[in-house]
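A.B. asks: For reference, the chains in residue letters:
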Amino acid sequence: AQSVTQLDSHVSVSEGTPVLLRCNYSSSYSPSLFWYVQHPNKGLQLLLKYTSAATLVKGINGFEAEFKKSETSFHLTKPSAHMSDAAEYFCGGGPGGYQKVTFGTGTKLQVIP
Amino acid sequence: EAQVTQNPRYLITVTGKKLTVTCSQNMNHEYMSWYRQDPGLGLRQIYYSMNVEVTDKGDVPEGYKVSRKEKRNFPLILESPSPNQTSLYFCASSSQKQGTNTEAFFGQGTRLTVV
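Chains as they are written, first to last, in the numbering used here: chain A, 1 to 113; chain B, 114 to 228.
Simulated from the structure, these hints should not be mistaken for laboratory data.
Misleading hints may appear alongside valid ones.
[Said to hold, decoys possible] Pairs of lysine to any residue residues, derived as SDA-like cross-links and limited to a Cα-Cα distance of at most 25 Å, are as follows:
#1 Lys42(A) to Ser137(B)
#2 Lys130(B) to Gln150(B)
#3 Lys108(A) to Gln221(B)
#4 Lys108(A) to Arg157(B)
Treat the numbers as computed from the prediction; the structure is a model and nothing was measured.
Based on the sequences and whatever the hints tell you, model everything.
C.D. replies: So this is what it looks like as structure tokens:
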């Protein structure tokens, strides 16, 4: 069985400060892991994905995430938050491929001017 | 332009009245799936399809049906909608070609209200 847990339902940061959105996973397999972003009234856009290549994955808009097997984590980071980063972020994982991707409950990121 | 198209975007219906939400993708993807999004629960998979005529239950399939008669289309059917199916629904597709692990493309969502 696999599960994905996003540890924070809301995160608030000031513009220009670092962003950390936390995601832990459990899986019986070597997982594929993803981060998606959802802006208000929009669909989901892939930010980045981990598929057992490099453990540090760079995505769009300056985001990156590091797969840490020992900690079963895949936290999303960005060095400097921008107002346009305010959105809801979903961490997802699957056993390899997209057959049964399980998503976390989402983290709403607020960026304060 | 590569896209996943859902229709309708918004729907208000009454309990028990059968409805279908359509989903179409133009990327020749093998894999398609349906999710519902509810506050505090994130995205939960309803059904998925690995290819034409191959479908399987996700995590919350009760009250839903799907079909995959053509590769591009994957409609979601609610035979007898109930208020607890009021939700935001997303269709997604991705390639399943051997050796690839491409991103999942999501539709814009369908906001369904059952009264």
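A.B. asks: Evaluate each hint against the coordinates.
C.D. replies: Here is how each hint holds up against the structure:
1. Lys42(A) to Ser137(B): holds, 17 Å
2. Lys130(B) to Gln150(B): It holds: about 22 Å lies between the C-alpha atoms, which stays within 25 Å.
3. Lys108(A) to Gln221(B): Given that 25 Å is the threshold and the Cα spacing comes to 19 Å, the pair holds.
4. Lys108(A) to Arg157(B): At roughly 17 Å apart (the allowed maximum being 25 Å), Arg157(B) and Lys108(A) satisfy the hint.
Hint violations for this structure: none, all hints satisfied.
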